[in-house]
Structures are given as C-alpha cells and as structure tokens.
Amino acid sequence: MNLEHLSSYPAGKVRALFGLTVAALSELLVKMLPELLRQRQAERVRRPGRQRAVGGGRRRRLNPYQEVLLTLVYLRHNGAHAVVGELFGVSADTAENTFHEVVFVLRDICPAQRWDAEKRWKKNEPSWTPDEVERVLIDSFESPVRRPSLPDRQKRVYSGKKKRHTLKSQVVTETKGEILDLDPGHRGPTADKRLYEQSTVEEHYPNAQKQGDLAYQGITGVRVPHKQPKGRHLTEEQRAENRRLAAIRVHVEHGIRRIKGWRIVRDDYRIALGLFPLIASPVVGLVQLVRIVG
-17 MNLEHLSSYP AGKVRALFGL TVAALSELLV KMLPELLRQR QAERVRRPGR
33 QRAVGGGRRR RLNPYQEVLL TLVYLRHNGA HAVVGELFGV SADTAENTFH
83 EVVFVLRDIC PAQRWDAEKR WKKNEPSWTP DEVERVLIDS FESPVRRPSL
133 PDRQKRVYSG KKKRHTLKSQ VVTETKGEIL DLDPGHRGPT ADKRLYEQST
183 VEEHYPNAQK QGDLAYQGIT GVRVPHKQPK GRHLTEEQRA ENRRLAAIRV
233 HVEHGIRRIK GWRIVRDDYR IALGLFPLIA SPVVGLVQLV RIVG
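At position 142 of the sequence shown the residue is numbered 124 (the numbering used here), and the sequence of numbers has no breaks.
In short, the hints are calculated from the structure, not lab data. Backbone N, C-alpha and C define an ideal beta-carbon position, used for all residues, glycine too. It cannot be assumed that every hint is accurate.
[Claimed, not checked] Mimicking DSS-like on lysine-lysine, the simulated pairs with C-alpha atoms at most 30 Å apart in a straight line are:
1) Lys101 - Lys242
2) Lys144 - Lys158
3) Lys242 - Lys175
4) Lys13 - Lys145
5) Lys192 - Lys144
6) Lys192 - Lys212
7) Lys143 - Lys242
8) Lys13 - Lys158
9) Lys209 - Lys158
10) Lys158 - Lys137
11) Lys(-5) - Lys192
12) Lys13 - Lys104
13) Lys242 - Lys137
14) Lys175 - Lys209
15) Lys(-5) - Lys144
16) Lys192 - Lys158
17) Lys143 - Lys209
18) Lys212 - Lys13
19) Lys158 - Lys(-5)
20) Lys(-5) - Lys13
21) Lys143 - Lys158
22) Lys145 - Lys209
23) Lys143 - Lys192
24) Lys143 - Lys101
25) Lys13 - Lys101
26) Lys209 - Lys192
27) Lys209 - Lys242
28) Lys175 - Lys144
29) Lys212 - Lys145
[Claimed, not checked] Pair ranges (Cβ atoms, derived):
30) Arg245 - Lys104: 24 to 34 Å
31) His215 - Phe86: 47 to 57 Å
32) Lys143 - Gly(-6): 31 to 41 Å
33) Ala222 - Gln191: 17 to 27 Å
34) Arg26 - Glu68: 23 to 33 Å
35) Arg239 - Lys143: 15 to 25 Å
36) Arg176 - Lys104: 29 to 39 Å
37) Glu25 - Arg245: 22 to 32 Å
38) Leu19 - Gly71: 18 to 28 Å
39) His233 - Pro133: 36 to 46 Å
40) Leu132 - Lys104: 36 to 46 Å
Use the sequences and the hints to build the structure in full.
Structure, rendered in structure tokens:
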C-alpha cells in the first residue's frame, strides 16, 4: 500500500481502513512524520558506541508514512501482524516491530484529553476551553485481556462482573457525546467510584455539572438517577426524572461506541498488559483528531 493506492481509494474506504477521514489522516501525517524522524535521529545520537555514517545500515522496507498507516490499520482492525504486513508487502516480524516503534510516537502527539488535543492540533487559538462545558457525563468500560500467567496478576485484573480478566477505562464526554477525556488501563475490578476519585475530572471541570450512573452514587457533586428503595417503588416523578437523565446520559455510551470502533480496544489484546495505556491514549487522541479536524 502506497500513496498511489491511497489516492485512488474513496473517502469511505479510507475511513474504514484507518478510522480517520481523509482530512484528519492528512493532518496526522503532517504532524506525525517530522516527529517520527526526529525521535529516530535523537535515538541514534543517544546510542552508545560507534555511530553509523549518514545513510549507513540496513534500509527500511517501508517509508515513514507507510509505517504510520500500518500502525493505524493494526489499531483499527487488530488483525494478525502477518495479515497487516501482507497489505504493505512486509513480513509479520517487520510489521510487529514497526507497530511497537510507531505507537510510542503516536502516544506523544495524540493526547487523550480534548483540551490538550485542541492546543496541539489547532493552528490558531483553540476554539474550545474546558470552562465552556456546562455538564460532563462520566462512565467506564472494560476491555478483555489475555489471562496473565502469574497468579497474583490474575487476581488483580480478574473482573467478577465480566467473568474474565479485563482492564477498565473511564470516559468523560459532554452532552452531545464529544469525548473530553479518557483515563485508561486500570484494573478491571476497580470500582467506578474509585476511578472518579483518582481522576482529574473535578480538577479539569470544576464548574461543570457531573452526571453518572448509580455506580457513582455517594460522590459529592455527581448527579445520579434515583435508586429504587428496597421493598418499595419509585414515585412517578422520580421515574420521569430518571428517564430525563437517561436521555442525556446515553450520549456517553455513544462516545464509548466510537472508541470501541478501534478493535484494539475491545478485542483480546495481543500485547502486554503494561502497554495498554500507550495504546488506548493514541486511539482516543485519534478520535479527538476526527472530531477536531475531520
């Protein structure tokens, strides 16, 4: 896959392959390629021992833009490295090594918070600030991971709710479902309430109304639906208010759906547990990019 092939693809196929619009993909390549080359040059300077001459060493099989595209395809579809490599005419080992190198750079240039993405990606002044948000919606989702081999780690990430080993991420959106923040990579059994208390939502959005489901019950400043008392029923007014709150809160589910459009987030990972935050942050940063420049 090269630029000639890419230019012949319709916009819908580009979005299906890479998860980005044509405009967003172009913007990403403009930002990504100089940073990728800069980090590689810096790594060569830091490398101890004899330095290579300019142009020395084994030639790379892929151009830098192809390496970025390969990484996006893997994040989007989570296919085997042999399959992804076949699309670009390289071996599975080359595809895997390329992915693990490029994804760290993606993490650096694609922040998981919308405000950071606005400051980094907007050419002029950011068009949005956290102070403009009147209400934020909070929820979490769990992503499966392979069963760890160590017994202690198995217990740490085993989720009784999902009946499997998972990692949990907290998502914050506004009332239209625009993703504002992501806090990824926590242990699956961690309570939503604890995730919120450990996050920076209160710090970043002090003046906004917070809304969540019953998992956030008891947190000061977070509005939750009425819980049915034991042995009794909710009043008609309480039911009506719950329906009104649910109609607003459903938009955070739409934000989670957009994140899970990247199969790397919802499938059984072929990567180490400790690498999940590095993967999830670029994914959400790319979702932010779609919303900002797409």
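Going down the list of hints, with the structure as the test:
no. : hint                         : result
1   : Lys101 - Lys242              : holds (25 Å)
2   : Lys144 - Lys158              : holds (28 Å)
3   : Lys242 - Lys175              : holds (22 Å)
4   : Lys13 - Lys145               : violated (41 Å)
5   : Lys192 - Lys144              : holds (26 Å)
6   : Lys192 - Lys212              : holds (26 Å)
7   : Lys143 - Lys242              : holds (19 Å)
8   : Lys13 - Lys158               : holds (28 Å)
9   : Lys209 - Lys158              : holds (25 Å)
10  : Lys158 - Lys137              : violated (37 Å)
11  : Lys(-5) - Lys192             : violated (38 Å)
12  : Lys13 - Lys104               : holds (11 Å)
13  : Lys242 - Lys137              : holds (25 Å)
14  : Lys175 - Lys209              : holds (16 Å)
15  : Lys(-5) - Lys144             : violated (34 Å)
16  : Lys192 - Lys158              : holds (14 Å)
17  : Lys143 - Lys209              : holds (20 Å)
18  : Lys212 - Lys13               : violated (56 Å)
19  : Lys158 - Lys(-5)             : holds (26 Å)
20  : Lys(-5) - Lys13              : holds (22 Å)
21  : Lys143 - Lys158              : holds (28 Å)
22  : Lys145 - Lys209              : holds (25 Å)
23  : Lys143 - Lys192              : holds (25 Å)
24  : Lys143 - Lys101              : violated (38 Å)
25  : Lys13 - Lys101               : holds (13 Å)
26  : Lys209 - Lys192              : holds (17 Å)
27  : Lys209 - Lys242              : holds (29 Å)
28  : Lys175 - Lys144              : holds (18 Å)
29  : Lys212 - Lys145              : holds (27 Å)
30  : Arg245 - Lys104: 24 to 34 Å  : holds (29 Å)
31  : His215 - Phe86: 47 to 57 Å   : holds (54 Å)
32  : Lys143 - Gly(-6): 31 to 41 Å : holds (37 Å)
33  : Ala222 - Gln191: 17 to 27 Å  : holds (19 Å)
34  : Arg26 - Glu68: 23 to 33 Å    : holds (30 Å)
35  : Arg239 - Lys143: 15 to 25 Å  : holds (19 Å)
36  : Arg176 - Lys104: 29 to 39 Å  : holds (34 Å)
37  : Glu25 - Arg245: 22 to 32 Å   : holds (30 Å)
38  : Leu19 - Gly71: 18 to 28 Å    : holds (22 Å)
39  : His233 - Pro133: 36 to 46 Å  : holds (40 Å)
40  : Leu132 - Lys104: 36 to 46 Å  : holds (44 Å)
Hints 4, 10, 11, 15, 18 and 24 from the list above are not met by this structure, while the remaining hints are.
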